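S.K.: In case you want the letters, here they are:
Protein chains: 4
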Amino acid sequence: MSPLPPLAAIPHDLVAACDYEQRARAHLDDNAWAYLQGAAADELTAAANVDAFRRRRLLPRVLRDLRHGQTRCRLFGDEFEHPLLLAPLAYQRLFHPAGELASALAAGVMGGGMAVSTLATCMLEEIASQGQRPLWFQLYWQGERERSLALVRRAEAAGYRALVVTVDAPLSGIRNREQRAAFRLPPGIAAVNLDATPEISATAGGSPIFAGLMGLAPTWDDIAWLRARTRLPLLLKGILHVDDGRLARDLGADGIVVSNHGGRVLDTTPATLDLLPAFRAALGDRFTLLVDGGIRRGSDVFKAIAGGADAVMIGRPYAHALAVAGALGVAHLLKLLREELEACMALCGCADLASIDAGYLCPG
Amino acid sequence: MSPLPPLAAIPHDLVAACDYEQRARAHLDDNAWAYLQGAAADELTAAANVDAFRRRRLLPRVLRDLRHGQTRCRLFGDEFEHPLLLAPLAYQRLFHPAGELASALAAGVMGGGMAVSTLATCMLEEIASQGQRPLWFQLYWQGERERSLALVRRAEAAGYRALVVTVDAPLSGIRNREQRAAFRLPPGIAAVNLDATPEISATAGGSPIFAGLMGLAPTWDDIAWLRARTRLPLLLKGILHVDDGRLARDLGADGIVVSNHGGRVLDTTPATLDLLPAFRAALGDRFTLLVDGGIRRGSDVFKAIAGGADAVMIGRPYAHALAVAGALGVAHLLKLLREELEACMALCGCADLASIDAGYLCPG
Amino acid sequence: MSPLPPLAAIPHDLVAACDYEQRARAHLDDNAWAYLQGAAADELTAAANVDAFRRRRLLPRVLRDLRHGQTRCRLFGDEFEHPLLLAPLAYQRLFHPAGELASALAAGVMGGGMAVSTLATCMLEEIASQGQRPLWFQLYWQGERERSLALVRRAEAAGYRALVVTVDAPLSGIRNREQRAAFRLPPGIAAVNLDATPEISATAGGSPIFAGLMGLAPTWDDIAWLRARTRLPLLLKGILHVDDGRLARDLGADGIVVSNHGGRVLDTTPATLDLLPAFRAALGDRFTLLVDGGIRRGSDVFKAIAGGADAVMIGRPYAHALAVAGALGVAHLLKLLREELEACMALCGCADLASIDAGYLCPG
Amino acid sequence: MSPLPPLAAIPHDLVAACDYEQRARAHLDDNAWAYLQGAAADELTAAANVDAFRRRRLLPRVLRDLRHGQTRCRLFGDEFEHPLLLAPLAYQRLFHPAGELASALAAGVMGGGMAVSTLATCMLEEIASQGQRPLWFQLYWQGERERSLALVRRAEAAGYRALVVTVDAPLSGIRNREQRAAFRLPPGIAAVNLDATPEISATAGGSPIFAGLMGLAPTWDDIAWLRARTRLPLLLKGILHVDDGRLARDLGADGIVVSNHGGRVLDTTPATLDLLPAFRAALGDRFTLLVDGGIRRGSDVFKAIAGGADAVMIGRPYAHALAVAGALGVAHLLKLLREELEACMALCGCADLASIDAGYLCPG
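Protein chains in written order, with the UniProt record's numbering: chain A, 1 to 364; chain B, 1 to 364; chain C, 1 to 364; chain D, 1 to 364.
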């Protein structure tokens with residue numbers, strides 16, 4: 001059965017992110033579905049991310065004056081209407097013909113941000129032209145410093161406002177679901193911003209992973225080199241150990257994204273929500289802390305912020321919405337999540353993001 | 001398939017609240033069922049409420065003389081035959097043509113109390129005339145102080161004996177199940193005690209939640225204002241944070257209902273049973289503490305009292321009984337729960353409610 | 001479909017207690033099955049008993065000399081070949097025409113004990129004549145002291161060697177499964193050792209439970225009175241609180257059975273295994289401690305003893321075996337459990353019951 | 001339906017050990033399947049082994065230079081390319097006509113080790129000739145010292161490089177699944193390295209377990225006797241209590257395998273992963289510590305080493321691969337696991353096994 005085309009209007013029973021997930025299946029073929037839903041190995045971390053948010057309990061306060069409540073979020077000098085950013089998902093034309101253009105349009109219309117992937121299927125300059133709000137650029141290290149810097153220079157030139165360097169994926173992870181489905185990019189969908197794939201020059205008989213891929217992976221020295229070469233705010237994405245957070249800060253990064261890559265790279269890493277308080281405690285109040293993985297509700301955004309995040313990224317949920325209804329779907333999903341966040345804030349007694357702290361979470 | 005009419009006699013296999021729940025499905029249409037069973041978002045708190053009671057373990061004592069045991073409960077000077085009150089469920093004519101009249105009749109016949117909702121579908125004066133026992137009136141804030149007070153004055157005049165102000169629902173919660181079912185009140189069923197819905201006067205472009213609904217929501221100042229204007233015992237319903245309990249007490253409230261609104265307003269709040277001991281410890285022995293959410297057994301009533309409650313409210317279970325067999329069903333349900341409570345007390349070695357304390361609960 | 005008759009030979013695939021449970025369904029009608037399998041309310045404690053044994057972890061020792069290992073168990077001066085006693089199940093002719101006679105025969109043949117219920121469906125004198133090993137008599141209080149003592153005198157005269165007074169069932173528990181199945185004793189099956197059911201003389205309008213049943217229930221004074229009138233070893237069965245264990249010991253009881261009545265009386269009491277260590281610590285090494293509830297494996301017997309028990313009682317499992325194959329089935333079940341216990345001892349490095357202690361259990 | 005013959009090529013969707021397990025069912029008859037998959041009693045420990053690895057969380061480090069990473073493992077002076085050894089599974093011709101010859105060939109080709117079982121279905125000398133890497137010999141005690149030593153002498157002569165004495169199976173465990181399936185060795189499959197089964201000489205009426213099997217079981221004295229008679233490195237396999245680990249070390253053993261025999265001997269023993277840190281702490285850094293049970297992923301190998309193991313053994317997974325595709329399957333499975341281990345090391349920031357420590361595991 002061939003996938004349904006995207007919808008042109010939102011049915012009344014699409015009322016939450018989980019509805020989009022369920023509905024998306026019919027709009028994607030097996031190949032794209034395996035890529036989107038799959039994660040590393042047994043997909044335990046992908047499930048744990050979601051579960052951590054579901055298990056965490058809120059402790060609301062009542063009877064406060066919240067008439068002037070709002071959800072505005074300031075990041076690196078730019079103001080967003082809410083703290084929901086679209087995570088740098090690769091290959092979005094797998095999900096909808098308009099790909100990243102649709103996502104960026106929706107993010108902008110809804111007053112939020114987006115980090116555009118190195119593996120975007122639209123030109124990064126064209127995506128930038130869609131944005132009504134500042135976009136960020138996500139960098140996958142390109143094997144060599146100068147190749148990597150060239151991409152950064154393009155992003156700077158196109159007006160991207162921050163640089164998110166992914167550090168948790170020197171290899172793409174062993175995604176059994178993709179392997180079993182024999183996933184491959186369909187003709188016409190490609191990482192159009194890259195010239196060619198860097199060559200893996202493993203010495204004969206060496207391990208493809210260590211002698212091959214790891215030879216192309218960035219190190220702390222490479223990040224320091226890059227830090228010295230761009231004035232864009234620099235975030236490292238994919239940090240799970242507090243000591244790596246400290247190294248990032250001390251090296252001059254402006255922020256980190258606490259992330260396990262949606263469980264897509266290494267299975268059985270912890271749910272990101274559970275790690276946030278230790279990061280905030282270690283890194284201080286002024287270091288920018290983002291988180292992704294498992295956010296499916298506005299109350300999840302609230303919990304992430306209560307745990308110490310400044311803002312959150314969502315990933316698969318907006319790919320589901322993109323598949324179902326393109327830019328309209330993504331915008332509607334963002335509207336739902338923002339309304340859920342507002343409702344959660346109103347019901348917890350918080351008039352702005354700065355009011356949300358660990359006191360609204362049940363211990364344990 | 002159209003719903004079955006209410007039964008006129010109780011079948012022999014209706015022996016517990018869970019039997020009424022199962023049976024009720026056939027007596028309600030999809031619309032009413034979605035309203036009754038639904039809760040906010042993923043309905044995790046609704047499930048957690050029930051689960052907390054199921055998980056809590058009792059530690060009984062044996063061989064005591066319990067010949068003079070009884071379950072009497074004194075609240076604000078009135079005596080009830082047992083500590084089970086009917087919670088203020090809205091729109092009860094959704095479940096049975098006699099609506100709140102049937103529930104009040106059943107509560108009275110069985111020697112228990114009921115809190116009548118602001119959103120009752122029968123006139124509050126007529127409901128009051130059904131009661132053989134004191135009724136309480138539940139107030140939803142009506143946007144303005146005088147509109148709210150007018151309702152209180154009617155309740156006072158009709159002989160209601162206590163006022164329960166719901167403070168956890170400045171907005172009605174995002175109930176996805178209701179949304180998916182496109183729930184609406186059927187013709188002829190309405191909140192007959194209200195003149196009209198207060199208008200939401202959000203400034204243009206403002207958030208419907210913050211600038212709209214929250215402008216109609218009560219604050220601590222409003223509660224203090226109301227406290228000064230009625231001599232009825234005043235309870236605040238929907239408190240989950242101990243500090244809000246203290247604020248309520250210090251402001252002159254006579255009691256609180258520890259409640260998460262049956263999980264219908266904000267999802268992932270804690271199960272109420274787990275919170276009781278901290279409330280009792282903080283508020284002292286003389287402050288009236290009620291609880292609702294998840295009570296399905298007489299042993300649950302026992303556990304709530306052991307945890308620190310003076311009495312409990314039941315919600316959905318009596319709506320199930322109302323749907324199945326009207327006043328007869330509700331009375332039978334109350335009889336079952338009271339018998340289960342008596343059995344639990346007898347088997348635990350407690351001759352009266354005052355004997356029930358935390359020593360009968362397993363730690364942890 | 002009418003129940004299958006008992007088997008005359010043991011099929012090769014009946015290799016564990018759980019096999020008997022599964023197989024028993026076909027040998028019992030709905031009425032008997034509801035009685036046997038049912039428990040109080042939601043049957044959570046019945047399940048928790050089993051689960052506690054399954055969750056508890058053993059820490060074995062290796063390479064010890066166990067050539068002279070054995071499972072002998074000495075209780076009140078009598079020696080049994082193993083520490084498995086048949087619990088006092090009522091109405092055993094519900095499960096097999098030979099009822100308690102078959103069970104007592106099997107226990108005796110296998111070198112174990114049995115506590116015969118007050119509600120036996122065979123004459124207690126006749127049951128006593130089956131036993132190759134000492135039998136015990138279980139007493140349900142008969143409303144008045146003299147009626148109760150009369151039963152004890154019959155048991156003494158018939159050669160019963162210990163008295164087990166059940167103290168946790170002043171009422172029989174609200175067993176919803178039985179109620180839904182409209183359970184009743186079939187014609188010809190009755191508590192033949194009792195003259196008649198004591199009358200419940202509740203004052204008009206009084207609670208059937210408090211003013212009725214609890215007026216017939218024994219108290220600590222009654223137990224003390226009984227203690228003074230019999231030289232039989234006296235055990236109280238159905239104690240869950242350590243303080244009641246202390247009261248029993250101080251009053252002159254020789255032992256207790258830590259029991260929740262297989263979950264049949266009050267639901268959501270704790271699993272008995274978890275309570276044992278506190279009882280042993282409180283009552284000292286010389287007080288006899290038995291346990292029942294949830295034992296399905298020889299390793300469960302080992303765990304109970306490691307937790308502090310001197311011996312264990314099994315209940316439903318032998319009723320399953322009785323239904324499947326009468327005395328042969330019960331004997332075979334006891335053989336299986338004893339072999340499992342021997343294997344567990346051999347694999348844990350314990351040559352006798354006295355060697356089994358808490359060191360063989362994983363903490364937590 | 002008769003079992004499928006082994007495959008001659010690896011299908012593209014066999015990408016993980018769990019795929020082999022699922023696929024293996026079709027290549028084995030019910031008899032072999034019951035033997036392979038079955039474990040003692042309720043098979044709780046077999047499941048717990050796997051679950052412990054799945055629940056344990058990794059805490060990776062990023063941006064390290066890993067170009068020279070490798071997985072080499074040195075054990076008793078021999079170097080292996082990775083720390084995965086094939087555990088001593090009995091009767092491998094049940095799974096594939098080439099039996100242990102195929103397994104040893106695959107282990108050797110992939111640069112890993114294998115412990116050959118006393119109950120091998122091929123001659124141990126012939127198996128030794130397959131190995132490109134050192135093989136170890138697993139000894140089941142043969143009832144008497146000299147019979148046992150004779151086997152050791154054959155292993156020494158055939159070039160086996162270490163001796164693994166299994167100490168947790170003086171009896172083979174009560175495997176209900178095998179019993180229900182009436183498992184028996186098919187004609188032509190036998191423990192060809194043994195002359196005959198030692199006779200069980202239980203005294204009349206004595207317990208078959210204590211007076212029979214335990215009379216043939218080794219004791220610490222026997223192990224000391226053996227230790228004095230061979231210069232091969234000596235490991236004791238099947239130790240779960242730290243005190244037994246100390247006894248082994250003090251007696252002169254060179255290492256232990258923390259193992260519950262894949263849950264096949266005594267059910268409800270703990271998952272082995274959870275025990276490792278205490279063993280490492282008690283036994284010091286220089287004592288060789290191996291572990292088996294539940295390893296299904298390269299990340300499980302990483303976790304075991306982080307917990308304190310020097311290397312790991314896999315059992316059922318390679319029997320699945322053997323059944324599916326013989327030596328090719330086993331080699332492919334080892335390749336998958338090694339690649340997963342490399343990926344895990346690369347993603348956690350570890351360049352060699354010595355870098356892997358408890359800091360990479362989330363506490364609790």
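FYI, nobody ran anything at the bench for these hints, they're computed from the structure.
It should be emphasised that the depicted structure is a prediction, and the values quoted were computed from it without experimental measurement.
Where hints are given, some of them may not hold.
Said to hold, decoys possible - Restricting the straight-line Cα-Cα distance to at most 25 Å, the calculated cross-link-like pairs of lysine to any residue (SDA-like) are:
| # | chain 1 | residue 1 | chain 2 | residue 2 |
| --- | --- | --- | --- | --- |
| 1 | D | Lys335 | D | Arg161 |
| 2 | D | Lys335 | D | Glu79 |
| 3 | B | Lys335 | C | Gly215 |
| 4 | B | Lys335 | C | Ser172 |
| 5 | B | Lys335 | B | Asp357 |
| 6 | B | Lys335 | C | Ala217 |
| 7 | D | Lys335 | A | Phe183 |
| 8 | C | Lys335 | D | Ala181 |
| 9 | C | Lys335 | D | Arg161 |
| 10 | B | Lys335 | B | Gln132 |
| 11 | D | Lys335 | A | Ala181 |
| 12 | C | Lys335 | D | Glu79 |
S.K.: Verify the proposed pairing of B/Lys335 with C/Gly215, using a straight-line Cα cut of 25 Å.
M.R.: 21 Å, holds
S.K.: Verify the proposed pairing of C/Lys335 with D/Ala181, using a straight-line Cα cut of 25 Å.
M.R.: 20 Å, holds
S.K.: Taken at face value, is the distance from the CA of D/Arg161 to the CA of C/Lys335 at most 25 Å?
M.R.: Violated, at roughly 44 Å.
S.K.: Are the Cα positions of C/Lys335 and D/Glu79 separated by 25 Å at most?
M.R.: Since the Cα atoms of C/Lys335 and D/Glu79 sit roughly 50 Å apart, the hinted pair is violated (cutoff 25 Å).
S.K.: Are the Cα positions of D/Lys335 and A/Ala181 separated by 25 Å at most?
M.R.: 20 Å, holds
S.K.: Is the straight-line distance between the alpha-carbon of B/Lys335 and that of B/Gln132 25 Å or less?
M.R.: 16 Å, holds
S.K.: Taking 25 Å as the top limit, are the C-alpha atoms of D/Lys335 and A/Phe183 close enough?
M.R.: Distance of about 21 Å is within 25 Å: holds.
S.K.: Given the hinted pair B/Lys335 and C/Ala217, is their alpha-carbon gap at most 25 Å?
M.R.: 23 Å, holds
S.K.: Holds or violated: are the alpha carbons of D/Lys335 and D/Arg161 at most 25 Å from each other?
M.R.: 23 Å, holds
S.K.: Regarding the pair B/Lys335 and C/Ser172, is the alpha-carbon distance no greater than 25 Å?
M.R.: Answer holds: B/Lys335 to C/Ser172 is near 18 Å, not above 25 Å.
S.K.: Could you grab the alpha-carbon distance between D/Lys335 and D/Glu79 and see if it respects the 25 Å cut-off?
M.R.: Holds, at about 17 Å.
S.K.: Do the alpha carbons of B/Lys335 and B/Asp357 lie within 25 Å of each other, as the hint requires?
M.R.: 23 Å, holds
Violated hints for the displayed structure, listed by number in ascending order: 9, 12.
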